[in-house]
Amino acid sequence: MSRPPLALLIPAVLLALGVLALFLFTFFPGGEPVSPYLARDAAGETGAANLVAGVYLNYRLYDTLFEVLVFAVAVIGVRYYLVGQKEGAAPPIPESPVVRTAADLLFSPLLLIGVYLVLFGHLSPGGGFAGGVVGGSGLLLCAIGLGGEVIARRFHETALERAEWLILAGFLLLLLVPVLFGAAPGTNLLPQGTVGNPVSGGTIVIYNILIGAKVFIGTWVVIYYFTRHRGEV
Amino acid sequence: MTVRTVLLLALPVIAVFALTRARRLTAVIAMGLFSFVIAAVYLLFHAPDVGLTEAAIGAGLVTFIYILSIRKTGRLVILADEAPGLLSRENEGITGLEWEILSGFARELGLDPVVRFLPRPEIGHALRRGEGDIGAGGILAGEETPGLVATPGYLPTALFRISPAGGAGRIRHGFEYFGELADAVRRKAPLAATVDLARFMGLARGDLTGYTVAREEGEHAYAFLVPADQPELHSRLCDYLNRLQESGKLDELVRRYLE
Numbered sequence: 001m002s003r004p005p006l007a008l009l010i011p012a013v014l015l016a017l018g019v020l021a022l023f024l025f026t027f028f029p030g031g032e033p034v035s036p037y038l039a040r041d042a043a044g045e046t047g048a049a050n051l052v053a054g055v056y057l058n059y060r061l062y063d064t065l066f067e068v069l070v071f072a073v074a075v076i077g078v079r080y081y082l083v084g085q086k087e088g089a090a091p092p093i094p095e096s097p098v099v100r101t102a103a104d105l106l107f108s109p110l111l112l113i114g115v116y117l118v119l120f121g122h123l124s125p126g127g128g129f130a131g132g133v134v135g136g137s138g139l140l141l142c143a144i145g146l147g148g149e150v151i152a153r154r155f156h157e158t159a160l161e162r163a164e165w166l167i168l169a170g171f172l173l174l175l176l177v178p179v180l181f182g183a184a185p186g187t188n189l190l191p192q193g194t195v196g197n198p199v200s201g202g203t204i205v206i207y208n209i210l211i212g213a214k215v216f217i218g219t220w221v222v223i224y225y226f227t228r229h230r231g232e233v
Numbered sequence: 001m002t003v004r005t006v007l008l009l010a011l012p013v014i015a016v017f018a019l020t021r022a023r024r025l026t027a028v029i030a031m032g033l034f035s036f037v038i039a040a041v042y043l044l045f046h047a048p049d050v051g052l053t054e055a056a057i058g059a060g061l062v063t064f065i066y067i068l069s070i071r072k073t074g075r076l077v078i079l080a081d082e083a084p085g086l087l088s089r090e091n092e093g094i095t096g097l098e099w100e101i102l103s104g105f106a107r108e109l110g111l112d113p114v115v116r117f118l119p120r121p122e123i124g125h126a127l128r129r130g131e132g133d134i135g136a137g138g139i140l141a142g143e144e145t146p147g148l149v150a151t152p153g154y155l156p157t158a159l160f161r162i163s164p165a166g167g168a169g170r171i172r173h174g175f176e177y178f179g180e181l182a183d184a185v186r187r188k189a190p191l192a193a194t195v196d197l198a199r200f201m202g203l204a205r206g207d208l209t210g211y212t213v214a215r216e217e218g219e220h221a222y223a224f225l226v227p228a229d230q231p232e233l234h235s236r237l238c239d240y241l242n243r244l245q246e247s248g249k250l251d252e253l254v255r256r257y258l259e
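Heads up: the protein sequence lines correspond to chains S and G, in order. Quick note on this note's numbering: the first sequence kicks off at 1 and runs consecutively. Quick note on this note's numbering: the second sequence kicks off at 1 and runs consecutively.
Read the hints as simulated data drawn from the structure, not as lab findings. We treat Cβ as the ideally placed atom computed from N, Cα and C, and that holds for glycine.
Interface residues of chain S toward chain G, partial, derived using beta-carbon atoms under 7 Å:
hint, residue
1, VAL52
2, PRO125
3, ALA130
4, VAL133
5, VAL134
6, SER137
7, LEU140
8, THR227
Excised from the complex, chain S in its bound form (with noise of 0.2 Å):
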C-alpha cells in the first residue's frame, strides 16, 4: 500500500483533531454558559450599547491588543519586504471619466462613513477595525481613480511611519496607565456614562479611534507598497 502524501495527510489530521475537539466541547460544557451572563450584565458594567464591543474592548482587550499587533507585524513585513524590490516602470493606462468622478463623488462619504463607524462603535455596529478600512477603501478609490502617487504625494511617509508607531505606544500606555492606580492593565477607569449617549463607555471610544487611525494608515501603506513595488496603479 502507497502512503499518502504528507500535504493530504497533515491538514486530514488537524482536520480530525478539530472535529474532536469541537465534540469535547460540546459533551464537557465547563461552568456558567457566558452569554446569559453577558447579555445582562455587559452594558452596565462596560458603558458600551453595542454589546461586541464592550466584549472585545472591555473583557477580551487582551485579545484586540494581540489583534492589533498581528496587524501591526503584518504592516512592518509588507514594508520590509517589498522595500527592496524593483519599482514597477509601466506608464499607468488612463482610467475612464466614470471611474475618476466616482471616486471624486465617493471619497468624502466614504471617509465620514468610517469616521462615524470609529466614533460611535460602542453604541452600534462598527468600531475601529470596520471604521478603518471604509476610510481606507475610500482612499483606494481615489488611489483607482487618480493614481497611487497623487494620494502618496500629500502623505508624508516618515510622518505616517512616525504615526503607526505612535498609535502602538499610545494603546500600550493606555492599557498600562490603570498600574498606576493599583488596577490590572487594560482596566476601564474611565466613568461609563449614559449607556447610548455617545459619551459613554469611558476608554472603548479612545481604543477604537485609535485601532480606527492605525487600520487606515494601515491599510493605506499595505495597499501603496503592493502597487509600487508590484503592479500599478
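With chain S fixed as given, assemble chain G onto it according to the hints.
Chain G alone, transformed into the frame defined by chain S:
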C-alpha cells in the same frame, strides 16, 4: 421561503458563477456580490458587527485590491496607429477588422482589450519596452525586428507609393499618425509616403488628384506583432487566427469591414 433561505441558496450559485467566469473583472465583481449577500445573511442572523466588517472588507477593500491587481494582468493592451477599416476610432469607441479580431481573441483569453494609439514607427519600441502586448493597425508580415515576432499574414494587401505629381516643392516624409497624413493630403501638401492598402483606401476616400500613385512590387500581408518574450501569446494568437480562417469567420469580417 424566508429571505434568509433565499440568500443562503443564492450563495453557492454566486460562488459557482464567480468561479466559472473567464473574464476576471466579472469574477471579481461576482465575489464582491458574494460578500454582500453573506453580509446580509450575517445581519439576518443578528450579527450586524460581523456583517458590517464583511461588507467593508469583503465587498469593499478586497474587491478594490483585486481590481488593482487585474489591471495589469487583466488587460490585453493593443498598440496601434489608426488604419481605416482595420482599426480606427469611431465616436467614443473603436471599430474595424483588426479590432474585431483582437477583441474576440481577448475575450477568449478572459482579458479586456485596450487600445493605445501610438505613432506607427514607435509601436515596435513600445512593445519591446513591455508597454503593450500586441502591435496592430496595418502591420505587415515580415516586419520583424529583434525582440518582436510577427504572426503569419492573415490577409493579403498591397503597398502604394504616393508622391506629388510634378515633384515640386519641399517633400515631406515621415508621418507620426495616420491622421496627420490624411490632413496633409486634404491640404494638398507636397508629400511622399508609402502606405498600405487600408490606409490608401482611407486616403482615396478624399481627393488624390495632384499626386502620383504607384503600386509597389511584391507580395505583402497584414499581420500582428507580439513581443518575443511572450511566446505563449504568440502561439495562441496564431492558433486563433487559424481557427478564424478555417471557420470562414475571417472572410465574413473582411467583407463586413473592407468592402
